[in-house]
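Protein chains in written order, with this note's numbering: chain G, 195 to 697; chain Z, 18 to 276.
Be aware that one or more of the hints could be misleading.
As the list claims (entries may be wrong) - Covered by chain G, per the in silico footprint, the following chain Z stretches (three or more residues, Cβ under 8 Å):
hint, segment
1, 127 to 133
2, 196 to 207
Said to hold, decoys possible - Per the computed footprint, the stretches of chain G lying under chain Z, defined by three or more beta-carbons under 8 Å from a beta-carbon of chain Z, are:
hint, segment
3, 277 to 286
4, 585 to 595
Just so you know, these hints were derived from the structure itself, not from any lab. For each residue, glycine too, the CB sits at the ideal point set by N, CA and C.
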Amino acid sequence: MDSVLTQLAGFGAAFANLASDPATYVYLVASVFLGIVFGALPGLTATLAVTILTGFFGNKIPLEQSLIALIGAYVGAIYGGSYPSILLNIPGTAASAATAMDGHPLARQGKGGEALGLTTTASFIGTIFGTIFLLLFVWLLLAISRNITSPEKCLLALFGVLLSGTLMSEDLALKGWISGLIGLSMAMVGLDPILSETRFTFGWSYLMSGFQVVPVLMGAFAIPQIVDGMRATLLAPEPPPVGRITPSLREIGRRLPTIGRSGVIGTGIGALPGVGEDVAGWVSYGVGKAASREGHLFGKGSRDGLISAEAANNAAIGGALIPLLVLGIPGSPPAAALLGALKINNVIPGPTIDPGLILHIVAILVMASLTMMLMGLLTARVFILVLRIPRTVFLPIVLVLTTIGSFSVGGGINDLYLMLGVGAVATLMGIMHYPIAPLVIGVILGGLFDETFRRTLLVSDGDLSVFVTRPGACILLVLNVALILSQVGIVKRGFGRLMGRSA
Amino acid sequence: MTTEEKQVLRARDFWTSIALIAAALFFLWKTSSIPFFNTANAGVRSADWFNSAALVPFALFGALLLCGIGLLVIAIREGGATRALKAAGIGVDRAELARLGALAIILLSYIGALVPRVDFIISSALLITALFWGFHRGAAARRWIAVSGIAAAALYAVILHGPQAEWRAGDDDWVALGAWAILTVLMLADARRWPEGRRLAPIVAVLSAIVPFLLVSAMAFGFSQNVPARSGVLFSHIEVAYYTQFRPWWREMTSGDGD
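Given only the sequences and the hints, what does the whole structure look like? Please build it.
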């Protein structure tokens, strides 16, 4: 009880500190607005919003302020995706794809304003839900993480890449793993972390320090979006008329159990390494359909369906930050971009992270969600207007933003060449239905994996049994093996037969 | 995904798995040059196999090789190999290839040639105009004129000022400025014919100049960061004006002893 009170007191101090600084409001209003615009424009994503702002603010202003901009954009973009989903039946982001299932039918029934009001409130409560979980669990997990040493860390990094590859792949899980392995391999470039041996630099001195995170993020997330989006564009259809956008408190009160369930699902899935808001939205929607009394109305304009998707994808934000802060393993692709910002500021997440920074992040999340709700209720008409901007107008501007952001991080023109190269590979992979997020997570976790795996063997003098004799490592090893086997056809069939026989 | 789309994908998977196997084998061969079992340098043993810098790359490229073989098996089993040798089998769409080719030329011209050598405001204005006008309505003729405009400026910059020592030359800035002016005039003239063109084209023309100007100024003067092509014909003037006129005036204003 004492520790909970101490955390609340710490959070109160961090919140007061943040709220009393006028600069907070400048960054917050601008970044949440920009985030909602990015989310609302189909073709731009939350990951791209955070990535571009990482290039812009990552190492140019104090970290405390750049985090306001990045988290504000993250929260805003996840929410902003609901506008085109509801009004045009075009998901603004992958995270809001499930929102369209019931949001658009509601808009067609002339209840667009009500749908947007519900979405805004559900997103706000969802974000707060995830933030509370973050505040409560991060300390517990940080305490546990003090016992996590090299064997567990390397298996966790591998699990993050494999899990992300399995869940993010829309075709074969094998393709997700290949994407993750390519990312891990890319992280092998440069001087190795233990012996400083040069690897795969092909004589290019720029590569001695390895692939820089920001150009890789920009190349992987921005270039494929731009290439895919630059097509013949007609103006977006006129959105249906939207009435007053107000949150119906009675309606929200009635649906608190749905919001609570979706919040738990969203936070839990967000906390899985490398699995983001889009999976959270769909899983929560699926569970909601089975659990809700109005499950038969899902897909036809159910308010429960709408809330299930929206509360979960916003709750996933807080969840995604848990593994990021505790272990340095991003819980979602936008969290990977956030990790990039922490890295270029030399902040190493994990047991040694400054507790003040965690409280600062929690306070930013609360303020960003409040700003998001106020903007959603008061300036929604502006975001509805934004829906009419053609992709051919905003995507070239995004390319210019990406270019100058990537250039200014430090590597200059070489970073741009790297961005272009990664962008070409990511575009081809996208065409072949390979997920891109595992690649980026692989690049980010590759160094950790390499270092901790070899350090484990160095300490055990080459004895591989250390991965089995340590309970934590053994559990993670079993999870990794089970995850791989679960996707192997012969094992799948055998398991299915076994289940059939036991039934 | 329809059955036909899946078959096309498997035919493509057939080729990508072969490329993946080749890449994995190449990098396994490259990894073999990193000391693994024999880690003695000048007679001093520096490391064992288990902390060799080659250990993890061997594992990763080995895993990639296995995954590549796995993908090849899936592609063959699902009929990918039988379709893989026909253009239609791998779903070659000439219009899509042309679109991707045009985009590749524009991106290479902008990032590979113009950004390092040409004023950022001019090169970005040219890029925005070329992308909007070339792709908004999807007409091939318009797209290739836009590609030619940006590629011509890029070729001029690369051919005449290839080495880094020559990147500060200013004539390529004027060529790019000319290309932007021509594309803008063509866009404004052509846009009268589309329903939304009259409204959008002038906005894009203005945005193409203002957005890069604001971005490069914010980055250079707001965040004090390095920006591409500082000696560019427009940026160098802006920089001089900022340091000799705007900044002293601003300091005078904010210090309060302006009289």
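Results for each hint:
no., hint, in the structure
1, 127 to 133, "holds (count 5)"
2, 196 to 207, "violated (count 0)"
3, 277 to 286, "violated (count 0)"
4, 585 to 595, "holds (count 8)"
Checked against the numbered hints above, the structure violates hints 2 and 3; every other hint is satisfied.
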